[in-house]
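Trainee: Sequence:
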Amino acid sequence: MSDALVVAFAVAGSLLTALDDRSILRPYHGVTGLVLLLAGLSLFFRRRAPLTVIWITIAIPAVVLVVELLARGTLLYTQGDIDVESISLWPPGAIFAAYAVTAFPKADQPAWLRALPIATLTLVLVATPRVIPDAAIHPIAGQSTDSDSAMAFRGAVLVIGGALLGMYVSARRRVLDGLRERAERAAEQARAEERARLAAEMHDVVAHRVTLMVLQAGALRVRARDDETRQAAEEMRGTGAKALEELRDVIGLLRRTDEGPDDEAGEHGPLPDLSTLIAESGSVGVPVDLDEQGDPPLASPVVGRTAYRIVQEALTNVRKHAPGARVRVKIRYRADGVRLTVLNSAPSRPADGDLAASGSGTGLTGLGQRVDLIGGTFTADPTPDGGFRVDASLPAFVPTPAPEAVT
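Start counting the sequence shown at 1; every next residue gets the next number (full-length UniProt numbering).
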């Protein structure tokens with residue numbers, strides 16, 4: 001039941017009690033109506049502050065009981081043509097207050113803090129009929145010998161029933177939360193096993209073959225008889241060595257677990273100097289405005305290489321898909337990481353079809369997955385003016401298992 005319906009029911013019942021001319025309550029209509037209205041409205045907070053709400057609910061019948069025990073007839077009529085029906089389910093919010101205490105318990109809250117107000121409310125509602133005049137009770141109960149007991153029983157059932165229903169709802173919620181948590185753990189375990197399988201496969205197959213390529217390129221450089229061949233072999237060897245470094249990064253990230261950074265492998269170092277990459281971009285016809293703020297923090301090597309790859313891929317895409325576009329690279333260094341933004345305007349001329357079609361088309365997708373593995377965020381979206389924006393936020397440090405020699 002929604003909070004609005006609960007409050008509406010309690011407020012309606014309270015107002016009927018206060019405005020009934022034949023009510024057993026003395027006609028202090030203004031004060032009575034205001035007090036009962038506030039008590040009903042307090043049910044809006046039954047989820048956030050259930051204990052406060054139930055103690056407010058207890059206070060009203062408790063005051064009536066105590067005052068009538070001390071001075072009979074002060075708050076209740078003792079004679080005349082009166083009608084107790086308007087308080088036969090009074091106070092109207094009792095069942096909802098009792099339900100809220102057990103249905104919405106606070107974390108680490110002692111059980112006795114919930115049991116005490118429920119027991120107190122039950123006791124007050126059981127005792128209150130004892131101070132209601134028999135002449136008022138008879139028309140409802142029908143028998144003078146059983147009238148107050150019937151009202152007492154009704155009050156106890158309301159409170160205890162509401163509390164039991166709340167206990168059931170709370171227990172069911174805990175069971176569902178437990179099942180959901182188990183399902184999430186099982187899914188995470190499956191992902192971890194799949195990452196471990198991929199890491200092993202990359203280590204045993206891909207990295208091994210790249211290593212052979214690097215070794216063969218090195219041998220070719222030594223045996224080559226002309227400078228052009230030696231230079232090509234050296235470039236091949238250097239490219240392969242960089243590929244091995246990135247493979248080690250990815251394998252380490254795939255093997256990383258969520259058990260905590262108990263092995264903080266990888267020394268911290270400065271982030272790579274991106275100005276060289278940006279200068280190279282300008283030399284091939286893609287001028288870039290560089291906007292740097294802050295001091296570069298020490299970072300894990302994998303973070304530095306990822307930052308370099310993000311800018312490199314973004315500038316490559318500009319060269320292929322947005323010739324003549326203005327490009328701006330914004331770098332915001334923080335103590336705990338770095339934020340990179342590569343923003344280009346709309347192209348000023350059509351792109352070369354062959355150049356735009358080159359590549360696998362999955363560079364940005366792969367970067368997003370790589371950034372996700374190191375705990376960062378990555379977005380790549382077109383801008384309203386026809387340009388494109390790549391935005392990444394990277395942490396400074398990423399705990400990974402100690403790197404193994406790739407053989």
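The set of hints was computed from the structure by calculation and includes no laboratory data. You may find that some hints are simply not true.
[Claimed, not checked] Simulated restraints, written as ranges between beta carbons of each label pair:
hint : residue 1 : residue 2 : range
1    : Asp289    : Glu184    : 24 to 34 Å
2    : Gly366    : Gly238    : 15 to 25 Å
3    : Asp289    : His208    : 13 to 23 Å
4    : Asp226    : Leu298    : 40 to 50 Å
5    : Glu280    : Arg180    : 23 to 33 Å
6    : Leu298    : Gln369    : 22 to 32 Å
If you're wondering where the values come from, they're calculated on a predicted model, not measured in any experiment. Where a beta carbon is used, it is the ideal one built from N, C-alpha and C, also for glycine.
Trainee: Tell me, which hint numbers fail for this structure?
Mentor: 1, 3, 5
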